Amino acid sequence: MPGPCGQLQQSGGAAVATQDSSEVAVSDLSRQQATSVVFGALTAVMPDLQVETLTEGQELYADLGLDSLGFVRLLIELEGKLSVQLVDEELMTIELVTVADLVELVESISLRAAK
Amino acid sequence: MSPEPDVAASGRVAAAGRDPLIPTHWFNILHDRPQYVTSALSRSRLSGAAKLAGHGIQLQQPFSLARQSLNTTDRFIPIPDEVIDLYAQYRPTPLRRAVRLEERLGVNARIYYKYEGANLVGSHKLNTALAQAYYYSRAGVKRLVTGTGAGQWGTALAYACQIMNLDCEIFWVRSTFRQKPVRGDLMRLFGATVHESPSDLTEVGRAALKEDPDAIGTLAGATGEALALAAHDSETRFAVGSGENSVLLHQTVIGQEAVSQLALLGEFPDCVVACMGAGSNFGGVALPLLGAAEDAGRPIRLVAVESAACPKLTRGRYRYDLSDALGTTPITKVYSLGSTYVPPAVYAGGLRHHSAGPLASAMYADGSLEAMAIDQLTSFRAGLLFCETEGVLPAPESAHAVAGMIDVVSQHPRGEAPLVVLVNISGHGLLDLNAYRSFAAGEVESVSVDEAGLSRSLTALEEFNQSIVEPAGQGIPG
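Going down the list, the protein sequences come from chains A and B. Each residue of the first sequence is one higher than the last, beginning at 1 in this note's numbering. Each residue of the second sequence is one higher than the last, beginning at 1 in this note's numbering.
FYI, nobody ran anything at the bench for these hints, they're computed from the structure. Quick caveat, the model's predicted, so the values are computed rather than measured. Mixed in with the good hints, there may be bad ones.
[To be verified] Partial pick of chain B residues on the chain A-facing surface, computed with a CB cut under 10 Å:
no., residue
1, Gln-35
2, Ser-39
3, Leu-41
4, Leu-46
5, Ile-57
6, Leu-59
7, Pro-62
8, Arg-67
9, Val-107
10, Tyr-136
11, Ala-139
12, Gly-140
13, Thr-332
[As the list claims (entries may be wrong)] Residues from chain B that keep clear of chain A, each with C-beta distances beyond 10 Å, as calculated:
no., residue
14, Asp-19
15, His-232
16, Ala-452
17, Ala-460
Glycine is no exception: its CB is placed at the ideal position from the N, C-alpha and C atoms.
Construct all of the structure, not just a fragment, from the sequences and the given hints.
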């Protein structure tokens, strides 16, 4: 069974700018770097958020106030940061509760890119 | 209006043998006016948000469809080939000059109308139903549910779902469900399951029935019921017939065709008139004309015609509001009479939504469009006149547009150059003959707002907005 982003299309050799502005290949993201990408995307689409207050345990909806429209903005932001094209069919099946779920989504994108 | 030359020169239209007037792209006003991108209120600023702990976030729409509502990059967005092929079954739609109507009115104007009623389902709603069903089907969704007011959207979605092998379930506002039984037959003929709303199938419906067993229903309620059903089935999704930017985008095939058809006649309108439910038929015809006018550096007047029973623009307030009775969809800033307002039953059920969509609302707020409210008696008179002179019976909603257009051309001075007007006839009225018959028999009454209900609803709307928590150091976003 494919992962949550099993059919992601990725442009070759893409690099990701992490929170500390260093560039890392999408396929080489560590957990910490994936978290950095997520925090960057969250603060980009929700300017009220401060990166220092973000934790992986926070709930996207209940704690951060992210709604479905914000979720779409977030996915667009992640597409840009990761230089991938997200595919409808895979995204329709995922349900994210926490920031950690979002980090795992980015990790799965990284994993796919490495294959 | 056409996309950039490199796109137009792709040869796809000619190769497929399609009528070259059928647009190959949707026109995206958000490219020209990115300030209209919808901004939703953060749920964290609502009291009670903490009660939603454990609630996950899931896409209701396919990502490629949802992102259309936020796209500010592309002025033209390609229409999938499969959707163009389906459009080719009924597009381009006719654009005609209403010569006999001009003569009957004796006005100093050239009146053109675009007719969207000449397809199987009878209205413009098919333009977005086919597109949405295509994206949902491709994303692996098995069933679509929706709420419908007049029933035009429900009919269109039922047909589109049948084409795309999707199951379809429709919650139809009770007042029109009972007015138009034949339209329900049409939805069922296309394989849809149709429920009267409020129903006892959902908590939203049961709550409405408990409050008033004889409730006539609202589109917000029917939509809430559809959303509630979708929330309990992972293979089911909610589809929306108006208001969202992507829906207006799909409808721009109307205005793009009109630009081309008018150009063939050497014309460009001074004024565009369309009825206003949440904004899809209005946006569909008006936005490409607005873009073309700005390209040509010429002024254009856009007039939205609403029902006097539901005057969301002319009497509503520009506030954050819920769009449905369930309250789970994004909370956007719109011109609204308040989501608890129950408009009196009128035959133009498609104009009974309590609020305009966010894009149309933003345009009204910045003065890009004008609005007028028309009583249903005036609209039926205009609809019958249009039928007598032009041989087209407009849907009750479209009859409001005709009435608004007559008002506009009647005020144009004789000494000036003739006013060139384009009005969109969004659907036919052949399934509304009982309404026209009642009007002809003198049985249709003038219907205005329920003043007491409106006052209560606006109070609740203001209280809701006052309860929004301001983030530290910031005011409520403008």
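query = Do the numbers back the hint for B/Gln-35, that is, is its least Cβ distance to chain A under 10 Å?
reply = violated, 16 Å
task = Answer holds if the nearest beta-carbon of chain A is closer than 10 Å to that of B/Thr-332; otherwise answer violated.
result = Status holds, d = 8 Å.
Assertion that B/His-232 lies outside the chain A interface [Cβ separation over 10 Å] = It holds; B/His-232 is separated from chain A by about 13 Å at its closest Cβ, greater than 10 Å.
message = For the restraint on B/Leu-41, tell me whether the closest CB of chain A is nearer than 10 Å.
response = holds, 8 Å
message = Quick check on B/Ser-39 please, does its C-beta sit within 10 Å of some C-beta on chain A?
response = holds, 8 Å
message = Given a cut of 10 Å on the nearest C-beta pair, is the interface hint for B/Leu-59 held or broken against chain A?
response = Holds, about 6 Å.
key: B/Asp-19 non-interfacial with respect to chain A [C-beta, more than 10 Å]   = holds, 29 Å
task = Against chain A, run the beta carbon of B/Ile-57 and see if the smallest gap drops under 10 Å.
result = Since chain A brings a Cβ to about 5 Å from B/Ile-57, closer than 10 Å, the hint holds.
Minimum beta-carbon distance criterion (10 Å), B/Pro-62 to chain A = holds, 4 Å
key: Hint check, B/Ala-139 versus chain A [nearest Cβ-Cβ separation less than 10 Å]   = With a closest approach of 4 Å, the B/Ala-139 hint holds.
B/Ala-452 non-interfacial with respect to chain A [C-beta, more than 10 Å] = holds, 33 Å
Hint status (Cβ of B/Leu-46 to nearest Cβ of chain A, threshold 10 Å) = holds, 8 Å
In the structure shown, a violation is registered for the earlier hints numbered 1, 9, in ascending order.
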